[in-house]
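J.: In order, the protein sequence lines correspond to chains A and B. For the record, in the first sequence the residue sitting at position 128 is 128 according to our numbering, with numbers rising by one throughout. For the record, in the second sequence the residue sitting at position 368 is 368 according to our numbering, with numbers rising by one throughout.
Any given hint could turn out to be false.
One copy or any two copies: either way a pair holds, since identical chains are not told apart in the list.
Straight-line distance between alpha carbons at most 27 Å, and here's what the computed DSSO-like set of lysine-lysine pairs gives [to be verified]: (1) 311 with 14; (2) 91 with 448; (3) 144 with 4; (4) 230 with 76; (5) 305 with 501; (6) 91 with 226; (7) 91 with 441; (8) 501 with 462; (9) 310 with 226.
In case anyone wonders, no lab produced these hints; they're calculated from the structure. None of the values given here were measured: they were computed from a predicted structure.
Number of protein chains: 2
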Amino acid sequence: MVWKNFDSLDAYKKLGELAPVDVKTAMAGENGAKRVAEYQVPMSNGMVYSYAAKQVDDELLAALQGLADEAELTEKYAALYNGEVINTGEKRLVLHQLCRGQLGNDVIKDGVNKREFYVAQQNRIAEFAGKVHRGEIVNENGEKYTTVVQIGIGGSDLGPRALYLSLENWARANGTLKMEARFISNVDPDDASAVLATVDIAHAIFIVVSKSGTTLETLTNETFVKNAIKEAGCDPSKHMAAVTSETSPLAGNPEYLDSFYMDDYIGGRYSSSSAVGGAVLSLAFGPEVFARFLDGAAAEDALAKNADIKKNPAMLDALIGVYERNFLGYGMTAILPYSQALSRFPAHLQQADMESNGKSVNRYGEPVNYVTGPVIFGEPGTNGQHSFYQLLHQGTNIVPLQFVGFRKNQMNNDLDIQGSTSQQKLSANVAAQIMAFACGKDDENSNKYFAGERPSSIIIGKQLTPEALGALLAHFENKVMFQGFIWNLNSFDQEGVQLGKLLAKRVLAHETDGALRAFADIFEI
Amino acid sequence: MVWKNFDSLDAYKKLGELAPVDVKTAMAGENGAKRVAEYQVPMSNGMVYSYAAKQVDDELLAALQGLADEAELTEKYAALYNGEVINTGEKRLVLHQLCRGQLGNDVIKDGVNKREFYVAQQNRIAEFAGKVHRGEIVNENGEKYTTVVQIGIGGSDLGPRALYLSLENWARANGTLKMEARFISNVDPDDASAVLATVDIAHAIFIVVSKSGTTLETLTNETFVKNAIKEAGCDPSKHMAAVTSETSPLAGNPEYLDSFYMDDYIGGRYSSSSAVGGAVLSLAFGPEVFARFLDGAAAEDALAKNADIKKNPAMLDALIGVYERNFLGYGMTAILPYSQALSRFPAHLQQADMESNGKSVNRYGEPVNYVTGPVIFGEPGTNGQHSFYQLLHQGTNIVPLQFVGFRKNQMNNDLDIQGSTSQQKLSANVAAQIMAFACGKDDENSNKYFAGERPSSIIIGKQLTPEALGALLAHFENKVMFQGFIWNLNSFDQEGVQLGKLLAKRVLAHETDGALRAFADIFEI
Chain A
1 MVWKNFDSLD AYKKLGELAP VDVKTAMAGE NGAKRVAEYQ VPMSNGMVYS YAAKQVDDEL
61 LAALQGLADE AELTEKYAAL YNGEVINTGE KRLVLHQLCR GQLGNDVIKD GVNKREFYVA
121 QQNRIAEFAG KVHRGEIVNE NGEKYTTVVQ IGIGGSDLGP RALYLSLENW ARANGTLKME
181 ARFISNVDPD DASAVLATVD IAHAIFIVVS KSGTTLETLT NETFVKNAIK EAGCDPSKHM
241 AAVTSETSPL AGNPEYLDSF YMDDYIGGRY SSSSAVGGAV LSLAFGPEVF ARFLDGAAAE
301 DALAKNADIK KNPAMLDALI GVYERNFLGY GMTAILPYSQ ALSRFPAHLQ QADMESNGKS
361 VNRYGEPVNY VTGPVIFGEP GTNGQHSFYQ LLHQGTNIVP LQFVGFRKNQ MNNDLDIQGS
421 TSQQKLSANV AAQIMAFACG KDDENSNKYF AGERPSSIII GKQLTPEALG ALLAHFENKV
481 MFQGFIWNLN SFDQEGVQLG KLLAKRVLAH ETDGALRAFA DIFEI
Chain B
1 MVWKNFDSLD AYKKLGELAP VDVKTAMAGE NGAKRVAEYQ VPMSNGMVYS YAAKQVDDEL
61 LAALQGLADE AELTEKYAAL YNGEVINTGE KRLVLHQLCR GQLGNDVIKD GVNKREFYVA
121 QQNRIAEFAG KVHRGEIVNE NGEKYTTVVQ IGIGGSDLGP RALYLSLENW ARANGTLKME
181 ARFISNVDPD DASAVLATVD IAHAIFIVVS KSGTTLETLT NETFVKNAIK EAGCDPSKHM
241 AAVTSETSPL AGNPEYLDSF YMDDYIGGRY SSSSAVGGAV LSLAFGPEVF ARFLDGAAAE
301 DALAKNADIK KNPAMLDALI GVYERNFLGY GMTAILPYSQ ALSRFPAHLQ QADMESNGKS
361 VNRYGEPVNY VTGPVIFGEP GTNGQHSFYQ LLHQGTNIVP LQFVGFRKNQ MNNDLDIQGS
421 TSQQKLSANV AAQIMAFACG KDDENSNKYF AGERPSSIII GKQLTPEALG ALLAHFENKV
481 MFQGFIWNLN SFDQEGVQLG KLLAKRVLAH ETDGALRAFA DIFEI
C-alpha cells in the first residue's frame, strides 16, 4: 500500500482527459428514467444513493473505479480499521468505526482490545442511563431527573446536537423520549445563561464533554454551570457527569455522578458514536435507541469495504465529489435534507468535512498542488427553496447538491390537503428540485431561463429512524475519509485551529502589541 | 442616472490594474495598529465597521470610491427610496427602508402615502399587541395568551426568527419578554407537529404570514394548525391572525383575530421591518422594542446616503466585497458573529444576499460576463472555531470573513474564571482570529504553518440591543443593495425559485414522466 499525491496517479491524468456528461440531455425524456433506475446504489437499511443527476457516465465511472483501485482506497480503509497509525500528524489510530462494530482484526493498543473498551463504555453508559430512567440514581431530594444538558463544543456539540434533534420527534412519537436534551457550547456567557434560564436545574444532569479535559469553552461553562447549580440550592456532585479520556484532568473526579471514557483514537468530529454521543443520546432516548443508531452506522461501514464502487455508496460519492472538485472546479457542496429533523445535520457535516479535508499539505507535510476539501453548507428543504436556492438555480457559480429525503415522516400526524399529504408535498419538492437543477427550463424571458446542468445526488430512505440516521452519519464520515485518502491528506488532525487559541490566550494575558492590541482595545479587554 | 454593466465602467478597468494589498505585511507590527485606527468607519449606535484586515490600501480605496461615483450608487439608492420602479422585473417599487423612516420625498402610490401606510400598520400592530399583553384580547376562556407562533417560510420565517432569537435573552434580562415566540415553516409535517407538541395551544396566537396568501407551505401549515386547534377543543378564530397584502386571499378574513398588511413593495427577504417582523416581534417583546429596532435600522439607512465611502460603511463593505469577488476570485463569504444570540443571523443573511444577487442576467435581462453574488454561510463564534475554521485557516481556497462582535453580553450573568470573564474570552477570540487569518504563522512543521493573507472585516458594537440589531440588519441589506447596483442586477425579484414549485405541482398532479416520474416512484408519490 502506497500513499501518493492525487496528481501523481495515472487516474488523475485519465480523468483530466474525460469530459463531464451533459446532465441536461442525459436526464431528459425516457432516457432519464432509465438513468434513475441504473445510477443508484443500495445503502444499508433500505436506503439508496442515487447519482443519476451527476455529470458522469459509464466511461467516467470506469475511470473513477480506476482511481479507487489505484489509490488503494479499500486497502487504506482496511489499514485504518485494522489499527494502523492513519493519523500520522498526531501518531494516532483512527477508531471511530470500531465504536459501531468490528470490521477487521482485533485492535489491541497498550494491551487493551479497543473494541472491548468501547463496548464496555457503552455498557457502563447503558447501565447509568437505565438507573437514571428507573429512578435508581436520583437528585439530592430523591427525585428523578428530567433533562440532560451537554456541555461541549465542536465535536462534543455539533454531532450529538444534530443527532438529538434528528431523533427527538421520532422518540416523542414512539414513546422513547426519556429526557429532553439541551446543549451549552459557546464561551459567550449568554449561551449558558439562556439554557440555564429555561432548564429545571434541580432535575437536570449536566454532562461535561471534553476529550482533553482542557477545552477553554467547556471548562469555563462547567464553572459557570456549577455556580448556577449552587445558586439553585443544589449539590453539583448530584448534577454533573463527565465524558473524557482516561488520562484527562477531568477523569475519575469523585465529584461527578459518573465518568465515561473515550480515547485519543476518536477524533472530536467523529466522536458521536463514542461516549460523547452515547451518554447524552442514551439518557435522552434510552440505550436501546443509541444501540440501534450504532447498528445502522455499522451496516454502512461494512458496505464501505466493497472495492466495487457500484456496491460502495460512500466511496462512489467521494469519487464523484473529487471529480467535481478537481476537474470541474466546483468549490462548494450544499447539503440539503428534506426533513426538518435534520435541521442541524448540515452544520455537523460542515465540521466533519471542512475540518477533516480543509488542508493544504499532504500526510507527509508537503504542500499539494491541487485543491482539497470544499466548503460545506446547507439548510433543510423546503425552507432553503425559499432562501438561497435562487443562487443555486441562476447564480454565476455551480454548487453541487447533496439531497436527502424520506418516504415517511417521523411523527404520526399528517393531513391530506388539496389532494396530497404534507409528506407527499415535501417529497414532490425534492424530486422536482433534482430535475429543475439538472434540466433547467428554456424561456423567452431570460429572467425566467434556467440553464440547468447543475448536478445533484440524493439519498432516499424509508424513514429517519435511529438505524437510518446511523447509516447517514457513517455514509458521510466514510465519504470524507475516502476523499482524504484520494487527496493524500491526514484527515484526522486539525492544526489549523491552534493559532487562534494561542493568540486569544495572549490577548487575555495582555501579552500583545500592534494590531492585535488595537483590536483588544476596541473590545476594552 | 444610467444603469450600466459593471464591466463597461472605467472603474472596472482601473480596479483590474491594481494589485491587492499584502495584508500579512500591512497588519504586522506597529503599522498594523495604525491601520486598525485608520481603517474603520463609524456606524450608527456607536458601532464601528473595521476593514483593516482587508486587502485594500489608499490607492485601492480611491479606485473603489471612483467605482461608487461612476456607478452612481448614492443616486440609485436615492431613486429607490424616492419611489422609482427599481424592481424592474416585477415592475415594483422597493420600499422596505420606508418602514423604518423616510429618507427622501413622500412616496405616493395609487393615492396612498406609503410611509403613512407602513406606520399605520405599525400602530395597528402596537395597539393589538398592547391589548393582548394587557389581557384585553383573550382566548375563548377569557385567559391571556402566552405564546406567539409564526407560520411562514423564507422571508416570513428566516428574518423574524433570527431577530427573535437575537433579542430573546436581551428581553428576558430586561424584563420585556412578553410572550415566547415559536416558528413553523417547513412543509414537512413534523415541523408543525413538533412545535404543536410543545406549545400550549390554548394560550397561543398563530400568525399566518404570506404576502401573496398563496404560499404552499404556509397554507398547508395553516390548515394543519387549525386542525390541531380544533382537536385541542379551541376555536381557531380566537387563535389566529394574519400578515399579508391587502389584495391577497388571506386579507380581511373575519375568522382571524386581526389582520395586518404589507404590500408588493416589500420583498419577502426584506420584510422583517414590515408587519411580517412587526407582528411577531411586537407581541414577543412589546411594540416599543420593535420601534427601537426600526430606529436603529433607520439610522443606518441614513448613513448609507453618504457619497463618501469613508462615511458609508454599507457601501464600503459592498465595494470591498465586489473587489474580492470579481478581481480576487473569492466565491464565498462567511458571516461569523461572536454572539450566540445571532445564531440564525447568518441563515437570514444567506437568504438576503443569495436570493438577491444570485443572478446571471442584468436588470434588462441580458446575460452578464462577470460573476455576481457569492455563497454566504456562517455560524456563531467561538463555535465555528471548533468546526470549519480549519479549512478557513489552512484550506486551498480563501474565504473572506465578516466578523461581528460586542463589548458586552446581553444577559447580566458573567463570571471571572482564571482572570477573565467569558465575555472577555469571547472578544479575545474574535480579535485573535482576525490576526491569525491576516498574518498567519511560520512554522518548521508545515502542518502547523499558517499562510495568513486571509481577509476579514469586523463590525464591533457595545451590546446587541434592539437598535444595534436594526443597524446590523440595515447594514447588510444595504450592502447587498449596493452590490446589486454595481453588478447591474435586479436584486429584488427571485425568478429562480419558480421552476421547482411548478415541477412539484406536476408531481403531485401525476402529470410527469421520465426521470421526474422515476424519482416520484421511489418516493411512492
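J.: Can you give the numbers of the hints that this structure goes against, from lowest to highest?
T.: Numbers 3, 4, 5, 6 and 9, in rising order.
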